[in-house]
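Student: If you want the building blocks of each chain, they are given just below.
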Amino acid sequence: MTGPYPSAARAGLMSCHACHQLSQIPAGPTHGDAICPRCEAHIHLRKPDSLSRTWALLIAAYILYIPANLLPVMTVISFGKGEADTILSGVKELIHAGMLPIALLVFFASITVPVLKLLALTFLLLSVQYKSQWRPRERTKLYRITEVVGRWSMIDIFMISILIALVKLEAVATIEPGPGAISFAAVVILTMFAAMSFDPRLIWDRIEEKA
Amino acid sequence: MPDKSSSHPSRLFHNLIACHECDLLYRVHPLRYGERANCSRCGAALYAKKRDSFEHTIILALTSLMLFTLANVFPFMTFELHGRVQESLLSTGVKEFFERDMWTLGVLVLCASILFPALKILGLLYVLVPLEFNRRPWKAALAFRLVQHFQTWAMMDVYLLGVIVAVVKLADMAILVPGVAIYSFVALIIALAAADSALDQHAVWEKMEEFP
Ligand SMILES: [Zn+2]
Ligand SMILES: [Zn+2]
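Sequence order for the protein chains is A and B. Once you know that position 93 of the first sequence is 96 in the numbering used here, the rest is easy, because the numbers rise by one and skip nothing. Once you know that position 198 of the second sequence is 450 in the numbering used here, the rest is easy, because the numbers rise by one and skip nothing.
Don't read these hints as lab results, they were simulated from the structure. One should not assume that every hint holds.
Stated by the list, open to error - Taking CB as the label site, the calculated pair distances span:
hint: 1; chain 1: A; residue 1: 144; chain 2: B; residue 2: 384; range: 51 to 61 Å
hint: 2; chain 1: B; residue 1: 401; chain 2: A; residue 2: 65; range: 23 to 33 Å
hint: 3; chain 1: B; residue 1: 332; chain 2: A; residue 2: 103; range: 46 to 56 Å
Unchecked claim - 25 Å max Cα-Cα, derived DSS-like pairs, lysine-lysine:
hint: 4; chain 1: B; residue 1: 302; chain 2: A; residue 2: 171
hint: 5; chain 1: B; residue 1: 301; chain 2: A; residue 2: 144
hint: 6; chain 1: A; residue 1: 144; chain 2: A; residue 2: 134
hint: 7; chain 1: A; residue 1: 134; chain 2: A; residue 2: 84
hint: 8; chain 1: B; residue 1: 301; chain 2: B; residue 2: 459
hint: 9; chain 1: A; residue 1: 171; chain 2: A; residue 2: 84
C-beta: ideal position from N, C-alpha, C; glycine also.
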């Protein structure tokens with residue numbers, strides 16, 4: 004392999020996820036109860052049930068993705084007349100208002116990022132399950148990006164929170180958050196948890212099994 | 253009390269580190285200030301050496317604490333429409349969610365914009381200040397692990413973009429006047445990001461080991 008040393012697992016060591024301290028893999032069938040000698044966190048050779056947990060969270064996110072995009076995220080009520088906004092219609096409105104850079108930002112954060120995140124995690128899970136040997140370095144990088152960008156999808160939720168705080172002039176204009184906002188927030192949180200429960204070291208385990 | 257530093261189990265593999273993304277094992281090489289070691293196989297960051305990490309992080313965390321207070325006490329933004337003025341605080345959105353019984357969104361926004369940033373700042377100070385004076389605070393390891401978790405879920409930077417989008421949406425409808433809190437909030441984001449980059453997590457864990 005490329006490195007001067009083998010993987011920690013091959014050397015009989017496991018790394019603490021919280022503080023990166025190495026410990027000997029305990030003998031016996033289960034090593035679920037091991038505690039890090041340095042930071043007292045539970046240590047595992049690999050994140051526990053990584054694939055099934057990630058799949059479960061991901062499938063839940065896929066299901067909620069539908070109401071997140073179909074149901075209104077908020078309703079603007081001005082002079083007694085209500086107008087419902089979905090994630091996509093919010094972007095359209097920004098384009099119509101001539102705010103193209105902001106429209107692009109919202110489109111990227113609220114539509115592109117969630118879709119790419121769902122697809123990227125699905126791809127990573129399948130690639131590990133089918134013991135893919137294809138470009139492990141790039142797949143690890145894809146994982147790293149997926150983990151970092153997820154939180155930026157929350158822009159819409161925060162925007163609603165600011166709008167309801169500002170616009171509350173009963174007779175003139177008020178804003179009511181809609182059920183789509185809850186589904187959308189759930190999608191973002193579920194995909195964040197899904198990314199956290201995926202273990203990128205599984206990508207490399209498959210490579211080493213073949214080597 | 254016997255000298256624990258040589259027999260402490262965590263000292264055993266002290267010169268080794270495994271990449272947390274591909275599990276490759278490395279011998280830890282001493283770095284110069286400002287240098288960072290990356291995994292040659294997958295490119296992940298392994299460890300870094302930062303100058304005066306403790307002092308810088310503590311100063312930036314104290315600055316953040318002050319800015320956090322300003323951001324929460326002073327008005328965030330004023331909304332003016334047809335002569336009617338509506339003042340809001342950073343926490344007003346959360347209150348509005350709760351008043352509508354939308355607990356999930358209320359808790360989410362509260363955690364991401366107020367609670368987790370606060371806990372992160374306080375947690376950093378709780379762990380680092382005593383360690384700087386060679387004392388180990390109660391439950392230090394647990395506290396520092398929690399700080400790392402709060403980091404993931406504190407989303408003030410994303411919140412700021414939400415503010416910008418909201419302002420753009422309302423711009424042709426009403427007059428918006430930014431308050432003291434919004435400037436403090438921006439400064440807080442910068443100070444906390446600087447604290448993050450000043451913090452050397454491995455140095456903190458190593459210092460904790462010296463005072464078991
Ligand atoms: Zn540990
Ligand atoms: Zn690596």
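Student: Now tell me if each hint is right for this structure.
Tutor: Hint check:
1. Remark: the range hint 51 to 61 Å for residue 144 of chain A to residue 384 of chain B is contradicted by a beta-carbon distance near 36 Å.
2. Checked against the hint of 23 to 33 Å, the pair residue 401 of chain B and residue 65 of chain A passes, with Cβ atoms roughly 26 Å apart.
3. Evaluation of the 46 to 56 Å hint for residue 332 of chain B and residue 103 of chain A yields a failure: the beta carbon distance comes to about 26 Å.
4. Between the alpha carbons of residue 302 of chain B and residue 171 of chain A the distance comes to roughly 48 Å, so the proposed pair goes past 25 Å and is violated.
5. Between residue 301 of chain B and residue 144 of chain A the CA atoms are separated by roughly 23 Å; this keeps the pair inside 25 Å, and the hint holds.
6. Only pairs whose Cα atoms come within 25 Å are accepted, and residue 144 of chain A paired with residue 134 of chain A is accepted, the gap being roughly 18 Å.
7. For the proposed pair residue 134 of chain A and residue 84 of chain A, the alpha carbon gap of about 56 Å is over 25 Å, so the pair is violated.
8. Restraint check for residue 301 of chain B and residue 459 of chain B: satisfied, since their Cα atoms lie roughly 14 Å apart, inside the 25 Å limit.
9. Of the supplied pair hints, the one linking residue 171 of chain A and residue 84 of chain A holds, its CA atoms being roughly 14 Å apart against a limit of 25 Å.
Checked against the numbered hints given earlier, the structure breaks hints 1, 3, 4, 7 and satisfies all the rest.
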